[in-house]
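Sequences are here, hints too, so could you generate the full structure?
Read top to bottom, the protein sequences are chains A and B.
In case it helps, our numbering puts the first sequence at residues 1 to 320.
In case it helps, our numbering puts the second sequence at residues 1 to 326.
Honestly, the hints are just simulated from the structure, not real lab data.
Glycine is no exception: its CB is placed at the ideal position from the N, C-alpha and C atoms.
Check each hint, because a few of them may be wrong.
Unchecked claim - A short, non-exhaustive set of chain A residues, derived as facing chain B with CB atoms under 7 Å: (1) Val59; (2) Glu60; (3) Ala186.
As the list claims (entries may be wrong) - Straight-line distance between alpha carbons at most 20 Å, and here's what the computed SDA-like set of lysine to any residue pairs gives: (4) Lys65(B) / Glu19(B); (5) Lys272(B) / Gly152(A); (6) Lys33(A) / Tyr234(A); (7) Lys201(B) / Val258(A); (8) Lys266(B) / Leu199(A); (9) Lys88(B) / Phe73(B); (10) Lys65(B) / Ile281(B); (11) Lys198(B) / Val258(A); (12) Lys88(B) / Leu53(B); (13) Lys120(A) / Glu149(A); (14) Lys195(B) / Arg286(A); (15) Lys293(B) / Val308(B); (16) Lys198(B) / Glu268(A); (17) Lys238(B) / Arg257(A); (18) Lys198(B) / Leu199(A); (19) Lys266(B) / Ile195(A); (20) Lys266(B) / Arg82(A); (21) Lys195(B) / Glu198(A); (22) Lys65(B) / Thr17(B); (23) Lys74(B) / Phe98(B); (24) Lys295(A) / Glu279(A).
Chain by chain, the residues run as shown.
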Amino acid sequence: MSKNILEVKNLKKYFKTPKGMLHAVDDVNFFIKEGETLGLVGESGCGKSTTGRAILRLVEPTSGEVNFEGKNIVDFNGAQMREARKNMQIIFQDPYASLNPRMNLGQIIAEPLLINKVFKERKQVTDRVKELMDTVGLTPRLLNAFPHELDGGRRQRVGVARALALNPKFIVQDEPVSALDVSIQAQILNLMQDIQEELGLTYLFISHDLSVVKHVSDRIAVMYLGKIVELSDYNAIFKNPLHPYTQALLSAIPVPRVDAPDNMIILEGDVPSPVNPPEGCRFYGRCRYRQDICKAKTPELREYEPERFVACHLVEELQK
Amino acid sequence: MAKDLLKVKDLSIQYNTDEGVVKAVDNMTFEIGVGETIGIVGETGAGKTTTALGIMQLVPNPPGKIVQGEIIFKGEDLLKKKEEEMRKIRGNKISMIFQDPMTSLNPVMTTEDQIAEVILLHQEVSQKEAMEKARDMIETVGIPRERGKEYPHQFSGGMRQRIVIAIALACNPELLIADEPTTALDVTIQAQVLKLMKRLKDEFETSMIMITHDLGVVANICDKVAIMYTGYVVEYAKVRDLYENPLHPYTQGLFGSIPNVEEDEKRLNPIKGLMPDPTEIPPGCPFNPRCPKVMDICKSVVPQRVEVEEGHFVNCHLYPAEEYKK
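The structure is reproduced here in structure tokens:
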């Protein structure tokens, strides 16, 4: 078994708002093994992007530990963090907003190399940029092109090339294909898969699209309102989801097939506000099975079966 | 088969831009029966929304222009109607749900006022009756009627989309055009809205045009489906026929691009290349530079519509017209 490259412990990120504390990420625990892809899925506002950013300290965690290769990077100072970020990169959701419109592709991809003074000579930088463009399938002709000249798929390839520039070990992918059409989406997903195999990368793949997450992930964590409610092997989660929220979420995917069984579990209401959430299970208000204990006590994420984690008081009862 | 409510024939819509003429919709033909739902599927820039705007005659002019075709609604050609007549049809007989519920509501009007506005415009009722009916509609879409006094920003995304649906259905239209009605919504909220739309469709016997890029949504709610690529309909069939036997290489490519939730697959089979620039559609079949089964004829001759089996149309040279002529 490969070792854990990343261990997140009791990670919290609260934001101060005029209405009170917003619990964006609330006591999240997970680990990622070297070379695997962990999918992080949930609906808008569940805290999945904030989790991704807090891991890289792009937002400062309120509390908790982020251990990358055994060291807690939350304690790192600026210089140490800069060094650590060489190994931890991110690809953003919106390829239209995440590239500087005034820089050409050569400059965008070279920027991390220049900031970190990787090479002494200009020529070496250009060579590396061309190599990276080749890796992500961009023709060298585009070296002097500006982002506005490219379509979404190519722009996202630029984002990938930039993330790969420093040979990272770990990449957070924050909804990398959500803004793309399906045929282009499939191209980018295949590209990320090839790169992972070639370079032995570890991914945290954040998405709201369950079918995409299932396709790319080895294990999947489901988030709801700042907390992980279920975490296990992708197969197990899709075959037999344990948490009532996971069950509803999976049943709601429209399957592209005629005669697909129409067994959608329709949840009542909307996701409640993450500002000053009450004690108890966050899913209480919308759960079909709710009982008094769920309101009184917050369920912990615990190992229900080997390698299968779930945060629900009733799971034993429901599985009977 | 039910009587045709709407028949679109050879519809072509162009935009004249600085870069050249964009054929947004080219020779589109389809029909919808009473109570039937048709899905129009395609990627960004395929011409789905322009088709909808064309039927409503809301294509911005200039730069847009309907250059040819007929839109027969209940036996009358909408393209021959005067603007005043169209205004009586829009929102009344044909109404539309737009993609983004955040921007399609008026932020400074209460939701019940917005629904009552449509009713007052099209029906001879008093203010009081219109308000009452507006509140009934709010209840129909599953929101407590007292909340009609609230403004759009007080509702969540899913609820706002329900309000938009309530406005669209307020005058009991015969045809509802829904332009990506669930794309901006989370999957559990999408499930709520789809279920609501199905229920309302059955209740009011409304025919529907469902514009989407999601083949899962189509399978869930539609009877027929048209696949569009760069303004052309490449394949048009009953949902079952198309899903069980997709004929056009583009349709096959679309299915190959979606990750399968039900089974395991190691790799996706995407369509290679990119959508062509809309001002420079390649000659012949517009899909030919990306097509895995491209032949010489595809590069010069535009394929005509062929009925391969009953009600299953495809525009592709792999299915030559001579072979399928009855």
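Each hint, compared with the structure:
1. With a least beta-carbon distance of about 22 Å to chain B, the hint placing valine 59(A) at the interface is violated under the 7 Å criterion.
2. A hinted interface residue such as glutamate 60(A) counts as satisfied when its beta carbon comes closer than 7 Å to some beta carbon of chain B; here the least separation is about 28 Å, so the hint is violated.
3. Evaluation of the alanine 186(A) hint against chain B yields a held restraint, the C-beta minimum of about 3 Å falling below 7 Å.
4. For the given pair, lysine 65(B) sits about 16 Å from glutamate 19(B) by alpha-carbon distance, which is consistent with the 20 Å threshold.
5. Distance hint between lysine 272(B) and glycine 152(A) is fulfilled; the C-alpha atoms sit about 15 Å from each other, no more than 20 Å.
6. Only pairs whose Cα atoms come within 20 Å are accepted, and lysine 33(A) paired with tyrosine 234(A) is accepted, the gap being roughly 15 Å.
7. Of the pairs offered as hints, the one joining lysine 201(B) and valine 258(A) holds, with about 19 Å between alpha carbons and a cut-off of 20 Å not exceeded.
8. Restraint check for lysine 266(B) and leucine 199(A): satisfied, since their Cα atoms lie roughly 18 Å apart, inside the 20 Å limit.
9. For the given pair, lysine 88(B) sits about 13 Å from phenylalanine 73(B) by alpha-carbon distance, which is consistent with the 20 Å threshold.
10. Restraint check: the Cα-Cα separation between lysine 65(B) and isoleucine 281(B) comes to about 18 Å, which is no more than 20 Å; the hinted pair holds.
11. With a CA separation close to 16 Å, the supplied pair lysine 198(B) and valine 258(A) stays within the 20 Å bound.
12. For the hint pairing lysine 88(B) with leucine 53(B), the CA-to-CA distance comes to about 16 Å; that is within 20 Å, so the pair holds.
13. Pair hint lysine 120(A) plus glutamate 149(A) does not hold up; C-alpha atoms about 31 Å apart against a cutoff of 20 Å.
14. The straight-line distance between the Cα atoms of lysine 195(B) and arginine 286(A) is roughly 17 Å, inside the 20 Å bound, and the hint therefore holds.
15. Distance check on the hinted pair: lysine 293(B) and valine 308(B) sit about 18 Å apart at the alpha-carbon level, within 20 Å; holds.
16. Restraint check: the Cα-Cα separation between lysine 198(B) and glutamate 268(A) comes to about 17 Å, which is no more than 20 Å; the hinted pair holds.
17. Between the alpha carbons of lysine 238(B) and arginine 257(A) the distance comes to roughly 13 Å, so the proposed pair stays at or under 20 Å and holds.
18. Pair hint lysine 198(B) plus leucine 199(A) does not hold up; C-alpha atoms about 48 Å apart against a cutoff of 20 Å.
19. Note on lysine 266(B) and isoleucine 195(A): the hinted pairing holds, with a Cα-Cα distance of about 15 Å set against a maximum of 20 Å.
20. A distance of roughly 36 Å separates the Cα atoms of lysine 266(B) and arginine 82(A); the hinted pair therefore is violated under the 20 Å criterion.
21. At most 20 Å may separate the alpha-carbon atoms for a hinted pair to count; lysine 195(B) and glutamate 198(A) exceed this at roughly 44 Å.
22. At most 20 Å may separate the alpha-carbon atoms for a hinted pair to count; lysine 65(B) and threonine 17(B) meet this at roughly 11 Å.
23. For the given pair, lysine 74(B) sits about 24 Å from phenylalanine 98(B) by alpha-carbon distance, which is inconsistent with the 20 Å threshold.
24. A distance of roughly 7 Å separates the Cα atoms of lysine 295(A) and glutamate 279(A); the hinted pair therefore holds under the 20 Å criterion.
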